[in-house]
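Those protein sequence lines, which keep their order, are chains A and B.
According to the working numbering, the residues represented by the first sequence are 1 to 145, in order.
According to the working numbering, the residues represented by the second sequence are 146 to 329, in order.
Simulated from the structure, these hints should not be mistaken for laboratory data.
Note that beta-carbon positions come from the ideal geometry of N, C-alpha and C, so glycine has one too.
Among these hints, one or two may not hold up.
Said to hold, decoys possible - Heads up, simulated EDC-like pairs for lysine to aspartate or glutamate below, C-alpha to C-alpha not over 16 Å straight-line:
no., chain 1, residue 1, chain 2, residue 2
1, A, Lys63, A, Glu86
2, A, Lys63, B, Glu223
3, B, Lys324, A, Glu75
As the list claims (entries may be wrong) - Covered stretches of chain A (chain B as the covering partner; in silico rule of three or more C-beta atoms under 8 Å from a C-beta of chain B):
no., region
4, 35 to 49
5, 78 to 84
6, 129 to 139
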Amino acid sequence: MKRFVTIVVLLVLIAAGVYAYRMYTGKVKSLEDADADATVTAIDLVAAFEKDSATANKQYLGKIVAVTGNIKSIEKESGSIVLGEEASMSSVRCSLDTNFVKKIAGLNLGNQITIKGACTGFNADELGLGSDVVLNRCVIPANKN
Amino acid sequence: MSIRLTVTFAFLIFAFISTAQDRFYTKSGNISFYSKAPLEDIEATHRSAVCVLDTKTGSLQFTMLIKGFEFENEEMQEHFNEDYLESNKYPKAEFKGQIVNNATVNYGRPGTYPVRVTGQLTIHGVTKEVQSAGTIKVEGSGLVATSSFTIPVADYNIKIPSLVKDKVAKTVKITVDTKLAPFK
Chain A
1 MKRFVTIVVL LVLIAAGVYA YRMYTGKVKS LEDADADATV TAIDLVAAFE KDSATANKQY
61 LGKIVAVTGN IKSIEKESGS IVLGEEASMS SVRCSLDTNF VKKIAGLNLG NQITIKGACT
121 GFNADELGLG SDVVLNRCVI PANKN
Chain B
146 MSIRLTVTFA FLIFAFISTA QDRFYTKSGN ISFYSKAPLE DIEATHRSAV CVLDTKTGSL
206 QFTMLIKGFE FENEEMQEHF NEDYLESNKY PKAEFKGQIV NNATVNYGRP GTYPVRVTGQ
266 LTIHGVTKEV QSAGTIKVEG SGLVATSSFT IPVADYNIKI PSLVKDKVAK TVKITVDTKL
326 APFK
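Using the sequences and the hints, build the whole thing.
Here it is, written out as structure tokens:
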């Protein structure tokens, strides 16, 4: 019995140690293998925030979202891809995970793409620059076909 | 056409051109913060800050989504959002200010100009007056704005639990380094 207690105590101590260690060294995980909480088109995502940002925040904020849309612009320097309708001022801005920035080279304007990222919120059009839904830590899932 | 009319016309065209290039902006601004602490340095970078500078008036605005700050450490990012900045309740940080010595910056001539900026910084729902020194670099068709300043965490009603009080610095250094492109 005594031996059993000792083992249990030891296990608890080890678990606590591992947990504490992970707490201080746990890197932010790549979203590459993470399942998307929501799948939506860029146009619908922008529309949801423009219509009612409080409801959209509840649905998307902090969630992993897979967004499909046409590539409107590519910003090589900042590693961002902008999705949405060419004619619209509103877009979905995807700030890429640094490991995926090099993939920008293989992308073409106007093409459809699906990008998975964490939704950080909505910048309403307060400065006359158009409104944007912003995703960060974005990854470009490999084509499954 | 009389000379007077020609001159007026020339001025009008000039005025039109200058309005067209008055505003510079970015939607992928780089803002980071750094806090030195005995246990562990706290550092995060934001790559999607929105910034607009009106070169005519010197008015300068930044806005950024708190959840957009990227940390190396996942636990830190969670604490930052949930416990300290409460980003669900206060999703944005904002700066509205002015380049005090805007007149000394020649936006038409490449070079690096020292600037002084003053304005209202809103973080965690609290607005405070801040002052900062920085530079505006005019290069090519765009600008590069840089600045660095320190703010006390307590100013913004950010509560640090007593358990980690000694491990977290009381001030945070904010660094802005961002390119701005002409608007349209």
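Do the hints match the structure? See the list:
1. A:Lys63 <-> A:Glu86: violated, 26 Å
2. A:Lys63 <-> B:Glu223: holds, 13 Å
3. B:Lys324 <-> A:Glu75: holds, 12 Å
4. 35 to 49: violated (count 0)
5. 78 to 84: holds (count 3)
6. 129 to 139: holds (count 5)
When each numbered hint is compared with the structure, violations occur for hints 1 and 4.
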